[in-house]
Amino acid sequence: GAGVSQSPSNKVTEKGKDVELRCDPISGHTALYWYRQRLGQGLEFLIYFQGNSAPDKSGLPSDRFSAERTGESVSTLTIQRTQQEDSAVYLCASSFRGREQYFGPGTRLTVT
Amino acid sequence: AQRVTQPEKLLSVFKGAPVELKCNYSYSGSPELFWYVQYSRQRLQLLLRHISRESIKGFTADLNKGETSFHLKKPFAQEEDSAMYYCALSGGAGTALIFGKGTTLSVSS
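Chains as they are written, first to last, in my numbering: chain A, 1 to 112; chain B, 1001 to 1109.
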């Protein structure tokens, strides 16, 4: 079946603009995670959704970052007033009841 | 502090040579440990997890709680093993993964 999908695959934006990144998890997966990977760094946790529970936002680096999830489906990560240090690959993952996380292909964000 | 350390950025070996990718962790509690792999132009995927105690593609990893290590080993490397390898830990089902910075494994003939 279909895996986790993310769009766009690449996004170039000017500093100060807002961007929205989309994640479509595997159908039936209750948990959804966002991670960020900056050049030369490991993956950093950003936010985690589990069912209808309040999301774990402990990894969001600033209040410019926010994310929403509609039920157990699509999630959108929004970055407002982008900065150059936001340039990274943003990865989404989903899992069924906390088991193995399946990753999407990522969105490469470049802030110029 | 919760942390995963992969001391080697790059590991280059010849085909047929043994491979050991090092991973050390810091965590208060009993974490679950994973190895993820990313082949060229492919997405990140799970290679193995310590609770499964299985061998995948010839790779094994043993959790050493005394040394807080979870090194990945393969007795005979193949060229198709060339990839980026990430060690990660989880505090429990449903929690986010904490990743190391990754090690690039390059296997040449």
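Please keep in mind that the hints were generated in silico from the structure rather than gathered at the bench. Errors might be hidden in some of the hints.
As the list claims (entries may be wrong) - Away from chain B, derived, C-beta distances all over 12 angstroms, residues of chain A:
id, residue
1, K11
2, G16
3, E20
4, G28
5, T30
6, S62
7, D63
8, T78
Unchecked claim - BS3-like, lysine-lysine: derived pairs with alpha carbons at most 27 angstroms apart:
id, chain 1, residue 1, chain 2, residue 2
9, B, K1057, B, K1022
10, B, K1015, B, K1073
11, B, K1015, A, K11
12, A, K57, B, K1101
What the hints assert, rightly or not - Facing chain B, from chain A, some residues (calculated, C-beta under 8 angstroms):
id, residue
13, L43
14, F45
15, F96
16, P105
Using N, Cα and C, we set each Cβ at its ideal position, and we do this for glycine too.
*Taking each numbered hint in turn, which are not upheld by the structure, reported in ascending numerical order?*
Structure breaks hints 5, 11 and 15.
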